[in-house]
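Enquirer: Sequence:
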Amino acid sequence: GGSIRIHQPEVQQKVFDLIGFTTEQKQQFSHILEAFSYGVPPHGGIAPGLDRLLMAILGEPSVREVIAFPASSGGKISIMNAPSPASEEQLKELGIKIR
Numbered sequence: 001g002g003s004i005r006i007h008q009p010e011v012q013q014k015v016f017d018l019i020g021f022t023t024e025q026k027q028q029f030s031h032i033l034e035a036f037s038y039g040v041p042p043h044g045g046i047a048p049g050l051d052r053l054l055m056a057i058l059g060e061p062s063v064r065e066v067i068a069f070p071a072s073s074g075g076k077i078s079i080m081n082a083p084s085p086a087s088e089e090q091l092k093e094l095g096i097k098i099r
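Its first residue numbered 1, the sequence shown is counted upward by one per residue in my numbering.
Take these hints with a grain of salt, some might be off.
Computed list of lysine to aspartate or glutamate pairs in EDC-like fashion (alpha-carbon distance at most 20 angstroms, straight line) [stated by the list, open to error]:
1) K76 / E65
2) K26 / D51
3) K14 / E24
4) K76 / D51
5) K14 / E34
Please keep in mind that the hints were generated in silico from the structure rather than gathered at the bench.
Put together the whole structure using the sequences plus the hints.
Expert: Here you go:
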């Protein structure tokens with residue numbers, strides 16, 4: 001969306017507390033909090049992205065048609081868990097025989 005992102009270290013610290021981050025988890029973001037302490041301008045905005053632009057240019061009804069690796073309804077993408085063994089059905093479909 002176009003909302004303004006958190007840019008104040010004390011607000012980000014409160015968010016970490018609210019969602020229950022441990023001290024160790026907060027430490028993983030210490031570089032962000034340090035950067036915020038130097039003064040970060042409010043930032044936000046909205047951008048349609050390349051995939052949406054391609055969708056419009058090509059007249060595709062779904063963004064899935066222009067995304068290189070669209071996610072399934074289960075949230076997985078085709079390159080997850082790769083490489084993985086091919087099933088017999090996949091090998092047969094591709095005309096591959098393993099000896």
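Enquirer: In ascending order, which of the hints set out earlier in this document are inconsistent with the structure?
Expert: Violated hint: only 2; rest satisfied.
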